[in-house]
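Using the sequences plus the hints, can you model the full thing?
Residue strings, one per chain:
There are 4 protein chains.
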Amino acid sequence: MSAKRAQVSPWAPFEDRRRARDEKKHAVLRMAAQLFLDVGYHRATLNEVATRLNITKPALYNYFRSKEEILDECYRLGQQMAEDAIAEIDEAGGDGLTRLRKLIRAYALLMTIDFGMCLVRLDDRELSEDAHRRVRAEKRQDDRAFRRYIEAGVADGSIVDCDPKLAAFAIAGSLNWIGHWYREGGTYSAEEIANQFADLLTTGLQARRTRGRNHKAAPRAGVALRSKRR
Amino acid sequence: MSAKRAQVSPWAPFEDRRRARDEKKHAVLRMAAQLFLDVGYHRATLNEVATRLNITKPALYNYFRSKEEILDECYRLGQQMAEDAIAEIDEAGGDGLTRLRKLIRAYALLMTIDFGMCLVRLDDRELSEDAHRRVRAEKRQDDRAFRRYIEAGVADGSIVDCDPKLAAFAIAGSLNWIGHWYREGGTYSAEEIANQFADLLTTGLQARRTRGRNHKAAPRAGVALRSKRR
Amino acid sequence: MSAKRAQVSPWAPFEDRRRARDEKKHAVLRMAAQLFLDVGYHRATLNEVATRLNITKPALYNYFRSKEEILDECYRLGQQMAEDAIAEIDEAGGDGLTRLRKLIRAYALLMTIDFGMCLVRLDDRELSEDAHRRVRAEKRQDDRAFRRYIEAGVADGSIVDCDPKLAAFAIAGSLNWIGHWYREGGTYSAEEIANQFADLLTTGLQARRTRGRNHKAAPRAGVALRSKRR
Amino acid sequence: MSAKRAQVSPWAPFEDRRRARDEKKHAVLRMAAQLFLDVGYHRATLNEVATRLNITKPALYNYFRSKEEILDECYRLGQQMAEDAIAEIDEAGGDGLTRLRKLIRAYALLMTIDFGMCLVRLDDRELSEDAHRRVRAEKRQDDRAFRRYIEAGVADGSIVDCDPKLAAFAIAGSLNWIGHWYREGGTYSAEEIANQFADLLTTGLQARRTRGRNHKAAPRAGVALRSKRR
DNA sequence: GATGAATGAGCCTTCATTCAT
DNA sequence: TATGAATGAAGGCTCATTCAT
Chain G
1 MSAKRAQVSP
11 WAPFEDRRRA
21 RDEKKHAVLR
31 MAAQLFLDVG
41 YHRATLNEVA
51 TRLNITKPAL
61 YNYFRSKEEI
71 LDECYRLGQQ
81 MAEDAIAEID
91 EAGGDGLTRL
101 RKLIRAYALL
111 MTIDFGMCLV
121 RLDDRELSED
131 AHRRVRAEKR
141 QDDRAFRRYI
151 EAGVADGSIV
161 DCDPKLAAFA
171 IAGSLNWIGH
181 WYREGGTYSA
191 EEIANQFADL
201 LTTGLQARRT
211 RGRNHKAAPR
221 AGVALRSKRR
Chain P
1 MSAKRAQVSP
11 WAPFEDRRRA
21 RDEKKHAVLR
31 MAAQLFLDVG
41 YHRATLNEVA
51 TRLNITKPAL
61 YNYFRSKEEI
71 LDECYRLGQQ
81 MAEDAIAEID
91 EAGGDGLTRL
101 RKLIRAYALL
111 MTIDFGMCLV
121 RLDDRELSED
131 AHRRVRAEKR
141 QDDRAFRRYI
151 EAGVADGSIV
161 DCDPKLAAFA
171 IAGSLNWIGH
181 WYREGGTYSA
191 EEIANQFADL
201 LTTGLQARRT
211 RGRNHKAAPR
221 AGVALRSKRR
Chain D
1 MSAKRAQVSP
11 WAPFEDRRRA
21 RDEKKHAVLR
31 MAAQLFLDVG
41 YHRATLNEVA
51 TRLNITKPAL
61 YNYFRSKEEI
71 LDECYRLGQQ
81 MAEDAIAEID
91 EAGGDGLTRL
101 RKLIRAYALL
111 MTIDFGMCLV
121 RLDDRELSED
131 AHRRVRAEKR
141 QDDRAFRRYI
151 EAGVADGSIV
161 DCDPKLAAFA
171 IAGSLNWIGH
181 WYREGGTYSA
191 EEIANQFADL
201 LTTGLQARRT
211 RGRNHKAAPR
221 AGVALRSKRR
Chain C
1 MSAKRAQVSP
11 WAPFEDRRRA
21 RDEKKHAVLR
31 MAAQLFLDVG
41 YHRATLNEVA
51 TRLNITKPAL
61 YNYFRSKEEI
71 LDECYRLGQQ
81 MAEDAIAEID
91 EAGGDGLTRL
101 RKLIRAYALL
111 MTIDFGMCLV
121 RLDDRELSED
131 AHRRVRAEKR
141 QDDRAFRRYI
151 EAGVADGSIV
161 DCDPKLAAFA
171 IAGSLNWIGH
181 WYREGGTYSA
191 EEIANQFADL
201 LTTGLQARRT
211 RGRNHKAAPR
221 AGVALRSKRR
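Residue numbers (the working numbering), protein chains in the order written: chain G, 1 to 230; chain P, 1 to 230; chain D, 1 to 230; chain C, 1 to 230.
Derived by calculation from the structure, the hints in this document are not laboratory data. Please read all numbers here as calculations on a predicted model, not as lab measurements. Some hints could be false.
Note: identical chains are not told apart, hence a pair may lie in one copy or across any two.
[What the hints assert, rightly or not] Calculated pairs, BS3-like style, for lysine-lysine (alpha carbon to alpha carbon, straight line, at most 25 Å):
id : residue 1 : residue 2
1  : K24       : K102
2  : K24       : K67
3  : K102      : K25
4  : K139      : K24
5  : K67       : K57
Written as structure tokens, this is what we have:
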């Protein structure tokens, strides 16, 4: 493999090395994230992280300056995904309800992967002052997204009039909770959860467009919730 | 004061002491719970707990055998409240939706007090094997209550057909999240939150009893959510 | 009981009290000694001593100023017995061998009671400088007694010529060891042990007085050791 | 130096490191044993052990998992020596008296070195349940060896008929006591003590083979004891 | 005289982090 | 780059001892 790459270009080895390094760094990150989730940040020792990676503790310091930095990166990765999802949704446009449903789906999916779980299961107070502020700000951004979409929905009529702040809290809470109970290979797949929650959490918010459609729209609440059962 | 008590009964002093002791124990518990919530269990030192109580660290050991036991008691107190609420609701009876709404209200209120927050913000893996199992079992009981009421509601027609497990997760998640964002003296009072969430989380689940009443029942979703705004 | 004594004399109550106090003090002492022997001085807490006596820890301080003083008294009592035994033996006189045998018996018996065991099983370094010195001196006195008798025996011909210091160490060691393995109600009674050791530890030391008596005296070694078997 | 080693073998560095580590571990062990003997297990702090080794307390944890494990190893080393001695004696064979004398010598020598002293001067109740059981069992094995040899001697006629259990206790006690009074550079060398005790403790046990030899054999008791003096 | 409560001192242990090799 | 070894900081816990009641 390296031989093959070496032929491609003279700087490949550097590239090679950098990539190898990045891969290792990422491996550390993922292992650490898993351990953090498994036993909690404090009880997760760097020794254990290193051991699981078949390296030694000081070796970790080649990739990270401190344990806290590892935690910080976990947050970064998780929040990058959330940010990307929001950016994409914003870009795509659509009415409030549509965007809200998209965000719910994306966020639900995020809650089923390690770095997403880190966002809601690890304690950001372990971070340094600066990192902590950043994480808090980003979390607020996420919450704002929920609120923005709801407000937009209320404005454009796709969502019933409601308290956007409380509604956002309710929705975010439901989603965050996924990070606590989801187990890979469990009853529900990530996709199922995402879809179900998109329905579940918006049924009560959907505005009924016309009186005429009301007869059909109203039962949708039930329809959505029953979907799994059918 | 002592003369007055002496007349009451000869064993009053004992009773007195016992009460004083219990009060102190409770004071320790509350202070510890607050600190646990403030900075996290691990970063909360017994020294700090003691200092805040104007006593010294070893004095805490008059009331608790270990830091873990303090945590355990926090869980116990919180869960006792949940258990009591469920017992009371079960006893009162009513259709599924009614009981579910009661539970939501009770649980939301629980999430606004220290020992309730402990249930969802502290890490039960800090507990000993036995205590951990107990806490887990009790948490499962709480979740079961949500599910039971939903199932009952589906059966008695007060709740639309849905996946009770997922619905319970969604509701529990929303409520647990309150424990993370609620601040005393903040925008919403505990009561407001409880009421709003009772509506918010059940609107989508309410079955429409008759076609005739449908016209009134259906909009309730909106009504509930709008209530705050009006 | 107190009523009966009260009739005896007007100062009886005082006497009574003093005696009651002394009895209690002694009870504390014995309980403490037992616990010290059971679990070791350090692991024996005053709390446990008090609990076993159905009193509370601070109550112990009515009788003793410190834990160390309790230990000190244990030593005192044990050593008083040794001292008394030696004094009595010295007073009674007799040849070296006779006195040595008496001391062996007395010391063996001492090793089967609590305060005697304390002498050899507890660590005198726990004591304060002064008490430690005293105990050391007294232990030396005991050892000197063994040596004195052996030397006297060698001088008066009742004991074969030998190194008194080493012989005393050997004998004292055998006896001290009793304090480690003796169990009340075990295979051997205290009396049996005392007698057997008196023979066992002196057989090799007996001089054969005359050639004529040698035929009887020499086998005594065997006789003594076989005594139990017969 | 490294060049020289490099020539020896490629794995020398590893071997080197392992050896250095083992040496350090052993150094810790010996220093700890000495301190344990000096001031007692409880009063010996790991800080003091470390300080005497010119390292810091946590460094000890590179070699041992706990203070108790250090104690455990001390016992192990001492008992290994006893076990080896017994095995060697058993292998060499000989009549009961011969083996008994060998064991006495070996055990006496053991009592003059640190790890041997640990066996009799430290409190095995400080050990964990398991280690404690092991140590107790091993101590019993040692005592059994004494008893076995005496019984064998009685059976083969090299030792007079006696109570093997008591005789073993007496001998073991004398020997254990050495561990309490022996001081390096004192009056007696370890070798002297071993030889003297071998005689001292068996003289009384020797059977006189024939009446004719009795004249020479009998005084042997005296001879042995006098040996030092001559 | 006795007790509940509190304290001060001290020790074992853990762990992130650094350093020499 | 990787490792074994070492460290500093810190926290939980125990226990003899004191004090107010």
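**OP:** Please flag the earlier hints that this structure goes against, numbers listed from lowest up.
**Re:** Going through the list in order, the structure violates hints 1, 3 and 4 and respects the others.
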